[in-house]
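Protein chains: 2
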Amino acid sequence: MSQRLVFRFGGGTADGGGADKALLGGKGAGLAEMARLGLPVPPGFTISTAVCSHFERQGGQYPAGLDEAVEAGIAVVEGQVGRCFGAAADPLLFSVRSGARASMPGMMDTVLNLGLNLETVEGLARSSGNRRFAFDAYRRFIAMYADVVLELKAASKREQDPFELLLEEAKARRGVSLDTELEAADLETLCLAYLDLVRRRTGAAFPEDPRAQLWGAIGAVFRSWNNPRALEYRRMYHIPADWGTAVNVQAMVFGNLGADCATGVAFTRDPASGERRLFGEFLPDAQGEDVVAGTRTPQPISKVAERPGISLEETMPDTYGQFVDLAARLERHFHDMQDLEFTVERGKLWMLQTRAGKRTGLAAIRIATDMVDEGLIDDRAALRRIEAEAMEHLLAPVFDVAELRMAEAEGRLLATGLPAGPGAATGRVVFHADDAKAWAARGEPVILVRVETSPEDVGGMEVARGILTSRGGMTSHAALVARQRGKPCVVGCAALSVDYESARLTAAGRELAEGDWLSLDGATGRVFVGEMVPRPSEVVETLIGGRGVAEPGSIAARYQRVLAWADAHRRLGVRANADTPEQSLEAVALGAEGIGLTRTEHMFFQDDRIDAMRRMIVAPDAEGRRKSLAPILAMQRSDFAGIFRAMAGRPVTIRTLDPPLHEFLPHEDEAIAALAPSLGMSAEDLGRRIAALGESNPMLGLRGCRLGIIYPEITAMQARAILEAACEVQQEGIAVHPEIMIPLVGHPEELRRQRELVDAEAETVFAEQGLRVPYLVGTMIELPRAALCAAAIAQHAEFFSFGTNDLTQTTMGLSRDDAGGFLQTYIDQGILQQDPFQTLDIDGVGQLLDIGTSRGRSTRPDLKVGICGEHGGDPASIVFAHGVGLDYVSCSPRRLPVARVAAAQAALGADQAD
Amino acid sequence: MSQRLVFRFGGGTADGGGADKALLGGKGAGLAEMARLGLPVPPGFTISTAVCSHFERQGGQYPAGLDEAVEAGIAVVEGQVGRCFGAAADPLLFSVRSGARASMPGMMDTVLNLGLNLETVEGLARSSGNRRFAFDAYRRFIAMYADVVLELKAASKREQDPFELLLEEAKARRGVSLDTELEAADLETLCLAYLDLVRRRTGAAFPEDPRAQLWGAIGAVFRSWNNPRALEYRRMYHIPADWGTAVNVQAMVFGNLGADCATGVAFTRDPASGERRLFGEFLPDAQGEDVVAGTRTPQPISKVAERPGISLEETMPDTYGQFVDLAARLERHFHDMQDLEFTVERGKLWMLQTRAGKRTGLAAIRIATDMVDEGLIDDRAALRRIEAEAMEHLLAPVFDVAELRMAEAEGRLLATGLPAGPGAATGRVVFHADDAKAWAARGEPVILVRVETSPEDVGGMEVARGILTSRGGMTSHAALVARQRGKPCVVGCAALSVDYESARLTAAGRELAEGDWLSLDGATGRVFVGEMVPRPSEVVETLIGGRGVAEPGSIAARYQRVLAWADAHRRLGVRANADTPEQSLEAVALGAEGIGLTRTEHMFFQDDRIDAMRRMIVAPDAEGRRKSLAPILAMQRSDFAGIFRAMAGRPVTIRTLDPPLHEFLPHEDEAIAALAPSLGMSAEDLGRRIAALGESNPMLGLRGCRLGIIYPEITAMQARAILEAACEVQQEGIAVHPEIMIPLVGHPEELRRQRELVDAEAETVFAEQGLRVPYLVGTMIELPRAALCAAAIAQHAEFFSFGTNDLTQTTMGLSRDDAGGFLQTYIDQGILQQDPFQTLDIDGVGQLLDIGTSRGRSTRPDLKVGICGEHGGDPASIVFAHGVGLDYVSCSPRRLPVARVAAAQAALGADQAD
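Just so you know, the protein sequences line up as chains A and B, in that order. Take the first sequence: its position 853, counting from 1, is numbered 853 in this note's numbering, and each next residue is one higher. Take the second sequence: its position 516, counting from 1, is numbered 516 in this note's numbering, and each next residue is one higher.
None of these hints come from the bench; they were simulated from the model. There may be inaccurate statements among the hints.
[Stated by the list, open to error] Far from chain B, by Cβ distances over 12 Å, these chain A residues were calculated:
| id | residue |
| --- | --- |
| 1 | Gln322 |
| 2 | Glu531 |
| 3 | Gly591 |
[Said to hold, decoys possible] Among the chain A residues that face chain B by a calculated CB cut under 10 Å, a handful are:
| id | residue |
| --- | --- |
| 4 | Val148 |
| 5 | His569 |
| 6 | Arg571 |
| 7 | Ser696 |
| 8 | Gly701 |
| 9 | Leu783 |
Predicted, not measured: the structure shown is a model, and the values here were computed from it. Where a beta carbon is used, it is the ideal one built from N, C-alpha and C, also for glycine.
For reference, chain A alone in the conformation it holds in the complex (with noise of 0.2 Å):
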């Protein structure tokens, strides 16, 4: 590797920047920009990313020159701080952490206070003039290493923490209840107690010498990339595994030395809401892992009125006053929302960490159009800070205000917390992330309690309609977890008790179990006992309930500002999945320029309709099933016209019918008999029937146009119910632009007969109505073959629409359906990144999205095309689209704002955000 292997930083000046999160991550990038702009920042180096991927690939080898590179870091900071790494008298102590480009708060290890042994810790304890302090750090410095570099675990996850034990059997020995209590001489026994636990549970001596222990903490931050925790967070967000962390070795400063000290976190602006506020907590005499944990409840910032005296603002006036400008300023020169670590060591503050902070859907809205207001950030700017995900997080439903009232006044109000994540939610009280899982999988809505949450009970928390904790802040991992997956979530319910053991939570004198209901008000922080109905959000009521105009400056009025501007910029179009007149309402109000797909088969499984369907099925001959499907072309006209209607105007793509026949009839022996009678037949026929229509791939047997092929009186029918339904809308003045849409195209030879049989029935019904409507004739892209063949599938098609979820099952050879079993364990085992059917799988199928474009356009060089898979409404799927050139996606209709946002996103170029 020739390139650069470590970045030092520090002193005003610094080897990397703010542009270089790839290779020094996010923490690293912050870290160098902060030196430069003269910042204080404690001097280190970061080791890049690539260094990680190399000890990745190489089987845990370091690339050569990083030990020389390393030394060379440790003797530019040991010259800044005017101390020495492993000296005797006054050493340099380097904290080690992770860092990846993407921010994974708590995933990856960390090992504070390195450096110390049986020396060095007499060297702290002279220079500091605190002997309690050096042998706190020490103690905390060897079950920090024990556990993450050498992984020393409880044995079991019942089991206590061994270094815990040993905590708490010194406490019991002098009689005392908290950690401070114990005097200097009891942590120097505790700390030689440690370390025999170590050479007892190891088989070998705790590393004495600094630099073993910090090439140990560097080597267990790479392999912390792998660790399950960090596997399960970027399969929730995507994050490739090929991107690696970076370590930062960084001098250590102390929040934990007295009176004068202090350690804390703070957004630059309000992460739930969006307010123009420094937004902070912090805990005095501490270390910094003390606030992120969330194990101690932190005291505010800013002053606040209800709890005066206790904030950073009324204790260190002086401090405040310099963080105050310092976060003006990181937040100007970033142009973004900044989330600071600090910590403050004997008055002097330091600067730890800068980063763009993550922040609620709400707060993401209101902090953009807030900036562009300030003149701080145009549209394009604010278009790419605003995560597209998030723009289906404010149609989230909430309480109504007035049920909430009513609540409090039937005395229901359980507690109080902080707001942490969006909107409301009502569930069944679970303790347990795996009981979250397995009570969600049977179908009950559940809100996971916990004391705290910890990465390990992310699945859980994934599942569950609400997360409820009693202690953190919001920093803590309940809040961050829950705010970026648009979760309602209250945390630091301190009046909250909760017992694991009984399966109880008591609060406010009121006792609950496990099952009982409860709700969270994730806009206020209150939870109430019972069950309450959520009702649509502002945003919803205002732009689908027809409310009417936004007030100004309101969260519906800026929502609507952010979608005009992603509608001025994104070059791709968008429309929406809908099979009625009403989702075709909801999706004009969400801004659907069209219907990129009707499926015309969920018509037939309505009750009444179905038996229709089943006799057409069941008909022995062509003859049969024309007369069978009299009664349903009635029924689809009416259905297409209300269609048309809604859509005003609008096109609108209809496919024809694609499922095999034989998900119409059913298969158990008791429905066959009861249906029978109803269709003039016997059992057994009918049974007979229906094991001939069976298939042991239905995936890949008589569906898509190979119905309209074999039955082509359906392709017929449905062309006419069409053409019908659109004379007679057009006829009331309203203008139609039906695009019939062929499923599952292989061979040119199949679109043609298909659309020869529509333009047949097209004709024939224009000559009876006596007018003309527009129409076009197009096909799904869904086999490879198609997508191979697009040149000479073009001659026949006036459109394209990519079906994404069956392309991605033939090119894959991958059933969604029976992939649940391995799937999972192929994206935890990292050899896939991410669920290909959510996110398109750009290196397989997006070959053949880019092929089927390019050759389908060449044959027919104004070609509409677009994507109806569930692709259509995902993100990085959309930018995907956008560079393929294509004309449109397609989506649910509550997904289209996030559509218009990451097309936007697309055209501007913009990264994910991250």
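Model the placement of chain B on the given structure of chain A, informed by the hints.
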């Protein structure tokens, strides 16, 4: 269309020639070439196949300029024969015949005697001096034209042809029984009745204008390209729909003007045995159709000892001599055995057709080797000449001579007919093609017995084990079809009386009913009552049976000679798909240069092994699976060792476990209950486990390398079994080259991990055994994604093998198991040209082969690439594989001779024989 539409021939010159088959069709090219050679050919002109394509594409419109070109053609013919088309005196009449690039005997339409009307028939009567002949010609013309052009058919299959009915009535009125007993006046009356019938049935008068007749006939011939018979024939013989037919318009000559007239067909060598002798049949005083239709049993051309006085040689010795000369000349000119049609009009010989003659596989081998010895062609031409498929016909079973003798001794010889198709067949009598299909679908071996066959019977002929007809010669429909399909067939078995009504046949005083057993000896034409067991053919006995060296001149020796030529010319390697040592030995005997696919799962389905497999599948964890795998390891090791020994140093590709695990488990309640105790489970638990393994689309589910990823212990066990077996056999002094093939790879990472596992296991085995064996690791390319990502996959693969079966299924989205219901309809309707599971879908799947190969080699230039799907034994697919640059094809052992010849033909750049 700017190219020439009409090609004239006759008078010693022609616009086209023998090389213009694509444009002129086989018949047109042959006529042109004969004209150029100065042979006596009635003048005429050919309307090209390009006109057919235009006609089809443009919905029955002819290209501009055709009218004028046809008129010019007529004028030239008029000039050459000195008569005028449509003239009242001595009118010129035309025959209008189809003629495609590939011979499709009897499939398309023909009209003779065209140009006759109430006026010209009188002219013909005068010029021929034979009023009876003129009206007989007119009668035939009206009936033929009404059938072909006006589509005046019998109302149902059971109804007699209406013209036949009128003829019968006329004979009854006159009290005669033969057509020839009707006099001119009778026929004149009959013609008027025919014309009246046409007027009544079609509502319009029969066209009088000869030019209107001509255009009607031309259109009908073009349309007949797509009649059901032609479609079925094209499907059977893989003739592309876009080739089209030409139309040959030629001056009529008459073989039915009296005793000095005749018409006949001949082959320059025996098409059944390949013997070097003129072989043909003729009818005196007849029109050509009478011979081809097989309705009268014709007489031999050359003298036959047993039937003195009836041959052309004896009845028209001069004409015979002239014909023998011409035949020899044509064979020398075309360097191939010719199929000739001729007419003798008042002693003058006219040649009506020459084309390469269809022949049995046996005849093909004999003729090719003889012609090389005669210096007529070289080995290249000989190879081009032999249809690759024919190589398998010679492996067809025959009856043992001793058994035949005993059957004769027992009086079981029913009758003797003409030996028209190779091999021996035994089966149960059916009388209708539909019955043949129904019985065969039930798994019954059937012999189709007909008076004569027609194109409607082709489907039934295809499924029958053998075909027997009571009428028709060696050139009858039945004979032609059987010969080309390598199907045992006896025709012209005059002693046989077939009664469709009672479903019985009688001969030699015996009566057989539907369902009775019958045996056909295709080699001698003998028909025996009862079942007989066929035995291996001479070629099989010599090559596989180890009978030793073939006698010089014997068919086995000739067969080996052809294979040796093929091996000298082919570039493609040939391997076999074989799962056992026995199959491997057979493969080596038939020329396999290695094993391209050993399916390890086939080994597991054996009774004594499936239990171990089942125990492994239901094991609750990896430890349990490992334990259950131990006995399987021992079984597999011994299987592999057997194969390695059989292959004696040739490479052996072994695929790791591929099918979904539930394929190994029972699915009926009863079977589950019976199995459960032996697995130490309750029936309920086992039922649940089996249900959990069930998949809705198993083809796209947990199978292939996905099994090896989820259950790495299976791959490890199989790698160990392969490599331990390899070590064992290598220690016996036999070279071993295992190639371990990982199936269903879609992502490079899958292969990388499976390969890592295999390599690790290999190192362990080699260390244990104290020796090393060279081995390769590679993958099947059977998913579109794998082909598209081949560059990345090749980083981990030393070879690729295209699994074209699965690749076809996924690329086309077509399940082979489920396609039965509609694939046939697709082929019948011409949407697909052929079954893509039989012949590679070159337009679609072929692209992926090309992409996969070139991208794979872009990463690894020495990547070995082959095909191991069933396409590996299909000649057209082999030609494609050669063109793409694959290293080898792998097929079932019995297909190896086909593959070797096809590979040579590909290398020689030969067109497929047609």
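query: Can you list which hints this structure breaks, lowest number first?
result: The structure breaks hints 4, 5, 6; every other hint is satisfied.
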